[in-house]
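Visitor: So the protein sequences, as listed, match chains A and B.
The numbering used here puts the first sequence at residues 1 to 252.
The numbering used here puts the second sequence at residues 1 to 182.
No wet-lab data here; the hints were simulated from the structure.
Just so it is clear, CB atoms sit at the ideal spot from N, CA and C, and this is done for glycine as well.
Worth double-checking, as some hints may not be accurate.
Said to hold, decoys possible - Coverage of chain B stretches by chain A, computed from C-beta distances (three or more under 8 Å per stretch; other residues unrestricted):
1. 14-22
2. 33-41
3. 46-56
4. 71-82
5. 162-176
To be verified - Only pairs whose alpha carbons sit at most 27 Å apart, straight line, appear in this in silico DSSO-like list of lysine-lysine:
6. A/K206 / A/K224
7. B/K163 / A/K23
8. A/K42 / B/K172
9. B/K172 / A/K26
10. A/K42 / B/K163
11. B/K174 / A/K38
12. B/K174 / A/K42
13. B/K163 / A/K38
14. B/K172 / A/K38
15. B/K26 / B/K11
16. B/K30 / B/K17
17. A/K38 / B/K71
18. B/K172 / A/K23
19. A/K219 / A/K206
20. A/K26 / B/K174
21. A/K23 / B/K174
22. A/K26 / B/K163
Said to hold, decoys possible - A short, non-exhaustive set of chain A residues, derived as facing chain B with CB atoms under 7 Å:
23. D36
24. K38
25. P39
26. S41
27. T56
28. A64
29. R77
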Amino acid sequence: MSNKEVSNKESSNSEVSNSNSEKELKLEQQFSDWLDGKPLSKELEQDEQWLQRVHTANYVGHQADMTVEQQVPNWDRGAMFDSDKKSWWQWQGLPAMSMAFSMFAMALVLFKVELIFQPEGVLLSFSGSASENQDAKMSALVDLRLKEFAAEQQVVLANYATDIQGKQQDSNLQLATYIMGASRQERKEDMTDFIQYINEQRQDEKFDQKVKFQELERKIQYRKADQRNNYDDIGLNQNNLKTVPTNWNSEE
Amino acid sequence: MFERSDETLVKQALNGKKSAWITLVKRYEKNLYNYTLRMVSNPDDAMDLMQDVFMAVFRNLATFRGESPFKGWMFKIAHYRCIEFYRRKRPTQSLDDVPEQEEDAEDACPVQQVVAGQRADALHQAVQCLPVNQKLVVELKFFQHCTFDDIANQLGISVNTAKSRLYSALDKLKGKLEFDYV
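Please model the complete structure; the sequences and the hints are all you need to start from.
Guide: What follows is the structure, encoded as structure tokens:
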């Protein structure tokens with residue numbers, strides 16, 4: 001088979017397929033028109049497939065027209081109308097209102113809006129200007145009060161210092177008086193003790209001296225008796241005995 | 001008798017008039033109930049779905065601008081709630097898949113059997129075998145007589161997608177129903 005013959009056959013096949021497609025479209029349009037109420041065309045009647053569809057459509061349409069409509073069972077037709085009455089908290093605008101209040105609150109925070117109640121009236125301020133003024137006023141007032149307090153404290157401190165000084169002088173005087181009195185007393189007691197000691201010493205010496213005098217007197221008596229009785233070997237040598245009286249004036 | 005328009009009733013309901021809302025519900029509850037019954041094929045589920053749709057409509061009533069008819073707007077919500085219902089019921093199943101049959105006809109409850117008997121039973125059984133997306137298109141086309149533009153608008157899909165789903169549904173139904181009509 002030559003190339004020319006093949007191409008001729010292909011072109012003829014393509015023409016046949018195009019003509020079939022056009023025919024199909026035409027039949028489809030005619031069927032669609034028939035369904036929408038136009039009369040049935042001859043071409044449709046001659047096409048087996050479309051004629052079957054026409055019969056089916058006729059049958060279905062006829063059965064549909066013959067269908068008896070059912071009565072609706074009784075039901076509460078106003079139920080949804082009643083259920084649509086919402087409570088106040090289900091009000092549709094509530095979320096929007098909530099959102100609006102939230103935005104308002106955010107604006108109050110962002111712009112630092114302040115509402116200040118004063119004896120003169122109510123003050124509305126933005127961006128914290130009122131609080132700055134208020135801070136300045138407060139600071140000045142605090143400074144003034146501090147100065148007054150400092151002056152008062154200085155006077156009180158001066159008075160206190162004066163009182164302390166007077167009291168200190170009195171205390172010093174009392175202390176000096178006490179020390180002098182105590183010192184005098186101590187010296188007096190020391191002197192008394194010393195004189196008492198001296199007197200005791202003198203008493204002891206007087207006693208010792210008395211004992212010695214008694215011993216001497218006895219020796220003398222023994223001597224006299226020995227002389228009388230010639231007892232030379234009594235044991236006591238009267239010539240070696242030297243007694244010197246104490247010079248109290250020089251020791252004292 | 002003078003009948004108030006849907007828009008008027010919606011405005012009155014929005015202003016808190018309960019009777020206006022009940023009038024609006026009564027006007028469309030039959031259509032909606034039968035729609036949900038066809039979609040879920042169980043009276044209890046259909047009732048729940050219908051109430052769910054009315055609940056969604058009521059909650060979104062303030063968004064209704066009146067640019068399109070109230071019925072279309074309400075059914076648009078109904079379609080979405082219906083798809084949600086199927087997604088909840090079978091989370092793993094795609095809306096384009098053929099649903100599994102929950103129970104045989106013999107096992108169905110008596111109420112369901114009576115309901116099925118009163119309708120075109122063969123059609124009902126066949127439609128239940130369709131995927132949800134195709135079932136919705138069949139419902140809109142044959143039961144509510146919508147054009148393809150309306151279907152596309154209500155389901156939020158293109159016209160071609162709506163057509164394609166309907167043709168697929170018709171082909172499947174043909175296989176299920178051929179013994180009845182050929």
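Visitor: I'd like to know which numbered hints this structure contradicts. Please list them from smallest to largest.
Guide: 4, 24, 25, 26
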